[in-house]
Amino acid sequence: MSEADPRAVVIGASAGAVQALSEILPRLPADYPLPVLIVVHVPDSPSGLVTLFASKSAVAVREPEDKEPIVPATVYVAPPGYHLLVEPDRSIALSTDEPVLFSRPSIDVLFESAAESYGRGLVAVILTGANEDGARGAAAVHAAGGTVLVEDPAHAYAATMPSAALLRCPDAIVLSLDGIVDHLLNLGTS
Amino acid sequence: MSEAVRSESVEDIEIQLLLEALYRRYHYDFRHYARASIKRRLRQALEQLGFKNFSAMQQALLHGDTLVTRLLDYLTVQVSEMFRDPGYFRAVREKVLPHLRTYPSLKLWIAGCSQGEELYSFAIMLHEEGLLDRTLIYATDINPAALEAAQAGVYALDRLAAFTRNHQLAGGKSSLSDYYTTAYGRAVFDKALRAQVVFSDHSLVTDAVFAECQFVSCRNVMIYFDRQLQDRAVGLFRDSLSRRGFLGLGSKETLRFSAHADAFSEFVREEKIYQRRDG
Chain F
1 MSEADPRAVV IGASAGAVQA LSEILPRLPA DYPLPVLIVV HVPDSPSGLV TLFASKSAVA
61 VREPEDKEPI VPATVYVAPP GYHLLVEPDR SIALSTDEPV LFSRPSIDVL FESAAESYGR
121 GLVAVILTGA NEDGARGAAA VHAAGGTVLV EDPAHAYAAT MPSAALLRCP DAIVLSLDGI
181 VDHLLNLGTS
Chain G
1 MSEAVRSESV EDIEIQLLLE ALYRRYHYDF RHYARASIKR RLRQALEQLG FKNFSAMQQA
61 LLHGDTLVTR LLDYLTVQVS EMFRDPGYFR AVREKVLPHL RTYPSLKLWI AGCSQGEELY
121 SFAIMLHEEG LLDRTLIYAT DINPAALEAA QAGVYALDRL AAFTRNHQLA GGKSSLSDYY
181 TTAYGRAVFD KALRAQVVFS DHSLVTDAVF AECQFVSCRN VMIYFDRQLQ DRAVGLFRDS
241 LSRRGFLGLG SKETLRFSAH ADAFSEFVRE EKIYQRRDG
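Chains as they are written, first to last, in full-length UniProt numbering: chain F, 1 to 190; chain G, 1 to 279.
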């Protein structure tokens, strides 16, 4: 399996997300060649999360605004209370539609719309989490020809989310957090 | 041939045709809604209404009269909260109202009022500030059922805790419970709040300017539009606002990418409140 032409990375995480993302985002270089879109379920002060990661990371980390063009070397974190989607012209779209699986932002919503826009050029990552959001989205990414990476449930802080993703998407690549970072760092360096 | 054309799926074609049918048969124009969200909503409608595909749905839409109402609910209905994003209402109260207070009479337009949560929030705040009596409020939406709900001002009681918390965070000077009575698990808002509210069917997509206003609040409505349609709507707001009138948007909306960005200045940047420039 190869990503001949990776265009974007999407990441979904829930319980334990702050730790897991702390292992990943600070290791991305300032000129990381792809955009990264992230949905994290955090009940309180997710804006604080952006401030936290922005201060630790070389790559730009922020909450996007509606219809913003998606550009490389930028990590877009879904704003609290909004679904984050990708438009066909690869700009950001936000929505206040109802929560999906009790979640807004929803990982499924991001992954499914990104899969439609990026197809084979999408790399999706499911990290730790205590619910099943993202499983359906991971399957959509795979069906559209994209690559799915799943954090090894045996080592994840919460195994439910990665396990659910693997159930729906058995062809996903199972990796440790380190393995995921290595994989992401190798993208777009050919 | 561009990549977009090559990758157009049968479903994409069907969706385009369905939206075209909806427009030509019923004059509801969703053709320039942001594609990712409307696709999601349409798929949900497809699944729940039990159609095999969008072509079947289109057939039912064209040849019957009943589907359109139900489809409209899927495409438009938004559940909001009263005083959603309390910081916005606090900024309006503390920074915008001192300006508006100098006018002998005021016109406020809630564009895309849905079921009225934002409308009642404004009415309550204007009442607290002693301005409600001299304010005419236009509450518009394209969905007749939503307008009816807005006009009724009745909300499930279990939503009131969140409304009350928001109201306090927004700098509320009274108790929210002063404005509603409860019955059968519902909160019924005081009709005095809507004594000077004009409820009207108005589309930001197809209709024109109808009044000159000092304040337009249009929050989380244009996120469903593509850039072209956003430009149309913002143009409408510019033409509706009096000189130095105010435009309030949702917290993640921006005029940065708008064709009319130059017509406005940022008034309260972090709360997305803009002011129309002179001229």
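Simulated from the structure, these hints should not be mistaken for lab results.
Be a bit skeptical, because a hint or two may be false.
Claimed, not checked - Computed list of lysine to aspartate or glutamate pairs in DMTMM-like fashion (alpha-carbon distance at most 25 Å, straight line):
1) G/K52 <-> F/D97
2) F/K56 <-> G/E47
3) G/K95 <-> F/D89
4) G/K39 <-> F/D182
5) G/K52 <-> F/E98
6) G/K39 <-> F/E23
7) G/K39 <-> F/D31
8) G/K39 <-> F/E65
9) G/K39 <-> F/D178
10) G/K39 <-> F/E63
11) G/K39 <-> F/D97
No experiment lies behind these values; they were computed from the predicted model shown.
Hint by hint, here is what the structure shows:
{"no.": "1", "hint": "G/K52 <-> F/D97", "verdict": "holds, 24 Å"}
{"no.": "2", "hint": "F/K56 <-> G/E47", "verdict": "violated, 44 Å"}
{"no.": "3", "hint": "G/K95 <-> F/D89", "verdict": "violated, 37 Å"}
{"no.": "4", "hint": "G/K39 <-> F/D182", "verdict": "violated, 35 Å"}
{"no.": "5", "hint": "G/K52 <-> F/E98", "verdict": "holds, 24 Å"}
{"no.": "6", "hint": "G/K39 <-> F/E23", "verdict": "violated, 35 Å"}
{"no.": "7", "hint": "G/K39 <-> F/D31", "verdict": "violated, 33 Å"}
{"no.": "8", "hint": "G/K39 <-> F/E65", "verdict": "holds, 20 Å"}
{"no.": "9", "hint": "G/K39 <-> F/D178", "verdict": "violated, 36 Å"}
{"no.": "10", "hint": "G/K39 <-> F/E63", "verdict": "holds, 24 Å"}
{"no.": "11", "hint": "G/K39 <-> F/D97", "verdict": "holds, 12 Å"}
Checked against the numbered hints given earlier, this structure breaks hints 2, 3, 4, 6, 7, 9; the rest are met.
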